[in-house]
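Go by the hints and put chain B onto chain A.
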Amino acid sequence: MSETGRGIRGQGRGQLSLSVVEAGIGVVLVLAVAMGFAYDLPAPDTRDAQLETYAEDAVTVLAGEPPRHRGATRLAEVARSPETFDRERDAFERRVDRILPDNLLYRVETPHGAVGFREPAGVAVGEATVTTVEGDVTVRVWYA
Amino acid sequence: MTRAQANLPALAVALVLLTATAGLSVALADAAFASVDRDPADRRVADTLSDRLVAPESPTTRRANVLRERVLSLSRAALDRSFPVVRGHAVRLEVDGATVLDRGDPTGGATVRRVVLLARQQSVTLVPTLDRNATTLPRRTGRVTLTLRPANATVRTVRANGRVVLHDPSGLNGTYDVRVSRFETVRLAFATDRPLAPGSVELTYYPTRTTKATLAVTVDV
Numbered sequence: 001m002s003e004t005g006r007g008i009r010g011q012g013r014g015q016l017s018l019s020v021v022e023a024g025i026g027v028v029l030v031l032a033v034a035m036g037f038a039y040d041l042p043a044p045d046t047r048d049a050q051l052e053t054y055a056e057d058a059v060t061v062l063a064g065e066p067p068r069h070r071g072a073t074r075l076a077e078v079a080r081s082p083e084t085f086d087r088e089r090d091a092f093e094r095r096v097d098r099i100l101p102d103n104l105l106y107r108v109e110t111p112h113g114a115v116g117f118r119e120p121a122g123v124a125v126g127e128a129t130v131t132t133v134e135g136d137v138t139v140r141v142w143y144a
Numbered sequence: 001m002t003r004a005q006a007n008l009p010a011l012a013v014a015l016v017l018l019t020a021t022a023g024l025s026v027a028l029a030d031a032a033f034a035s036v037d038r039d040p041a042d043r044r045v046a047d048t049l050s051d052r053l054v055a056p057e058s059p060t061t062r063r064a065n066v067l068r069e070r071v072l073s074l075s076r077a078a079l080d081r082s083f084p085v086v087r088g089h090a091v092r093l094e095v096d097g098a099t100v101l102d103r104g105d106p107t108g109g110a111t112v113r114r115v116v117l118l119a120r121q122q123s124v125t126l127v128p129t130l131d132r133n134a135t136t137l138p139r140r141t142g143r144v145t146l147t148l149r150p151a152n153a154t155v156r157t158v159r160a161n162g163r164v165v166l167h168d169p170s171g172l173n174g175t176y177d178v179r180v181s182r183f184e185t186v187r188l189a190f191a192t193d194r195p196l197a198p199g200s201v202e203l204t205y206y207p208t209r210t211t212k213a214t215l216a217v218t219v220d221v
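For the protein sequence lines, the chains are A and B, in the order given.
Heads up, the first sequence is in this note's numbering, so the first residue is 1 and it goes up one at a time.
Heads up, the second sequence is in this note's numbering, so the first residue is 1 and it goes up one at a time.
Next up, chain A with everything else stripped away, as it sits in the complex (with noise of 0.2 angstroms):
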């Protein structure tokens, strides 16, 4: 009860800081919004560049590497025909790996098959092809 009448008797105050209130929540909120602008604005997302970066660099590697037995280069050899990408699969897939730095994982398509791992959906991923004599070979890499 007392607090009600000192309510009253402050009926003025109470009132005038109603007003200051709320232009003090409003201040704040767009001194909020103002801030966002005043740190640095988000830096461009440089992962998906470096993915195509290390794609592209994957398929030249391999593309420049002499064969195993016979064909072009060794990447034609694996796309040549059924027979080769089955004898040559296992070892193309640790050349890959060793390629490829720790951090990603890969897929490598071939006109007879694919070595590597299944891509995940929803991650970012670098993919780069490269034409061979026998078809075109595609390096897909991603972050683990």
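Hints listed in this document are in silico derivations from the structure and should not be mistaken for laboratory results.
Treat each hint with caution, since some may be false.
Unchecked claim - Which residues of chain B face chain A? A partial, calculated answer using Cβ under 7 angstroms:
id	residue
1	S25
2	A29
3	A64
Unchecked claim - Heads up, incomplete: computed chain A residues facing chain B, CB under 7 angstroms, no partners named:
id	residue
4	A23
5	G26
6	V27
7	V30
8	A34
9	F37
10	D57
11	P66
12	R98
13	I99
14	P101
In this text, all values refer to a predicted model and were calculated from it rather than measured experimentally.
From the three backbone atoms N, C-alpha and C, an ideal C-beta is built for every residue, glycine too.
Chain B in isolation, oriented as in the chain A frame:
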């Protein structure tokens, strides 16, 4: 009545305060957008430098993405001379985590990583045993140095996998450099008028050992 009268100046003050803050914020946002780095120079230079370092025609590579060993001892002057894009910028080159070159302190700059091979070239010299005037090189190589000392025989033609690489109707004698394909095993055949004596051919070939590596280029402009 008195309450409403008291509120009017408070409202005015509140409005003025809020409008000033909003105006200030818009100005701040405008300045932030105007000054934002839309052309990130660090990344552009790092990207370009890494591209040039692994390009097939670069002095640091044997072929695309295959670095010569000399990249491990690249000097700052040589870097500036061959790759002027990085002149005057802080730069650090790392091969598999080991710093091979640094200038200034590029911490905070952009880093580009490249997958490369490091090639180490060896040279192997051997005196082959000739089987019907032909020999097969044990390893693949892009180049062979042949020293021919046919005592009384005449070597007119040398073929690599059936392709003529050396020919002299009056007889080959001396040291010759021959380019061969590194994509196939090379069989050298010597066309002579009589069988070559053992030891009359000495050859040096240059197999390369490649190891994989990651080249990290960090540049701060």
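Subject >> Ascending list of hint numbers which this structure does not respect >> reply: Going through the list in order, the structure violates no hint and respects every one.
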